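J.: Just need the whole structure built from these sequences, with the hints factored in.
When the letters of the first sequence are read in order and numbered with the UniProt record's numbering, they come out as residues 1 to 469.
Don't read these hints as lab results, they were simulated from the structure. In this text, all values refer to a predicted model and were calculated from it rather than measured experimentally. A few of these clues could be false.
Unchecked claim - In silico SDA-like links for lysine to any residue, alpha-carbon gap of 20 Å or less:
hint, residue 1, residue 2
1, Lys-432, Val-459
2, Lys-432, Lys-442
3, Lys-421, Asn-401
4, Lys-68, Asn-89
5, Lys-68, Thr-18
6, Lys-287, Lys-233
7, Lys-100, Asn-89
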Amino acid sequence: MLEKMTREDPLPCVDDFTHILEVVIPLLVNQNVFYKTSCVSYIASFLVGLVFEDRSHEAYMFLNKLIKHKLYQPTTLMYNTVIIALCDNPDKTMMDDALKLYQEMVSQPDVVTYNSLVSGLCKIRRWAKAYFLLKGLLDKDISPDVETFNILINTICCQGRLQVAAHVIYMMHQRGISPNIATYNSLIDAHCVKGEMDKARSLVNHMVSNHHLAPDTATYTSLLNGYCNDYDKMDEANDYCKDDNKMDDAMLIYHEMNEKGFKPNCVTYNRMIQSCFSAERFEDAHKLLDDVLAQGQTLYTNTYCDILHDLLEKQLLAEALSLYDLLGEDSKLNSDMSVLEVLLDGLFDCGEHDFARELFEGLSARGLKPTPGIYSSMICGFCEEGLMNDAKRMFLEMEENHCWPTTDTYNYLVLVYLQNKCYDDVKVLLYKMKRQKHYLYKSTLSMLRASVAAGSLDVTLSNLIKKLV
DNA sequence: GTAGGGTTAG
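T.: Written out as structure tokens, the structure reads:
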């Protein structure tokens, strides 16, 4: 049987466990010393094999059977193998299995057992239980190691309690345990999230000079996010003049990490590019974008929409269009309806309704079918330019293409038609609304009632209006 | 000698 189990062979399935449990294990247990030793390694490697094949639950079942049938008293190593596997998977039931295993352990849990359980619990945010276990570790006089502290510090940092984290660092120091890069990264990240960039930078310096630890991708990523966040926050604070130095800092970090062979990930690239466009640092934005495209990646749709919206809102038409051209008309991004919607809205905002019309009319040639959102952008755009005939034509085309207007569009049109004294059109709209089971918003309703009261709308419409509430 | 360790942000 032992010979049969080579690394290349797949492990037996659950049904075959019976044979191993009832025949192989008792055989090994009852043999001489040599076989007893191989029994330990047999079970241990069997468990490792199951875990390696992503069959952690089976490993758990197997270990349980060994215990329940009193076939073999598992060692701490065996328990840890299974507990680690169960905790790695941030799944509630698996975590419960791990805890159950721990509670019923017949051997002494060690620091590995505790670290796995605590980190698993922190991942599913069961802080209280994690704390309780950590306390148990100290009570049982098991020495915590760097990893124990890292789990603790990371958890505390995620909650933003940096004072507490500093205290834990002190405790760590008292026990003669040196922080590693993961310890520092947790702290640096937490400061960056809070926008405390000076503190983050001084931690980086401290880490380099006192512990000879070099910043890694995670360190740089935290710094980049921190500077971009900092920059974006200024927008929320409605500062009339944004401080571009923040983006200078971000770009310096970016160059430094590039020199060391690190690259930001997709999320960070997107964020940086958006901040650069927002800071009107177009050269930097394009440099970053080229980098992303060279990696075979592209912008997130949401980021792209935000950038286009921002540029067009600032009337930076040329920049928006050069970005659109760079990504290519046939690209997936430029064929996305939410992108096109933003673009159309922006073009109208910039007074470029001919351009918007051209873009819209080119859609079918590109094999793209306008959505209700696209139509409503066109309709709103035309209305705002006072091009009522174009708006009405667009509305009809929308219906002909079986693209049904939303309640929003209907309400919007009713208001615009009222403002433009197109009373016959209002009447038609109201009938359509009733047929398609749409309703009137409060604001639309009061405008309609006012028009009826003023005599501009037929009193006979009152009944219909009532039904649309 | 045997195990784990570094998350996540659109």
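J.: Against each hint, give a clear statement of whether it holds in the structure.
T.: Now the hints, each set against the structure:
Under the criterion of a C-alpha separation no larger than 20 Å, the hint pairing Lys-432 with Val-459 is consistent with the structure, at around 18 Å. For a cut-off of 20 Å, the pair hint linking Lys-432 to Lys-442 stands: about 18 Å separates their Cα positions. For a cut-off of 20 Å, the pair hint linking Lys-421 to Asn-401 is broken: about 27 Å separates their Cα positions. Under the criterion of a C-alpha separation no larger than 20 Å, the hint pairing Lys-68 with Asn-89 is inconsistent with the structure, at around 25 Å.
Restraint check for Lys-68 and Thr-18: satisfied, since their Cα atoms lie roughly 13 Å apart, inside the 20 Å limit. A distance of roughly 23 Å separates the Cα atoms of Lys-287 and Lys-233; the hinted pair therefore is violated under the 20 Å criterion. With a C-alpha separation of about 16 Å, the suggested pairing of Lys-100 with Asn-89 holds against the 20 Å cut-off.
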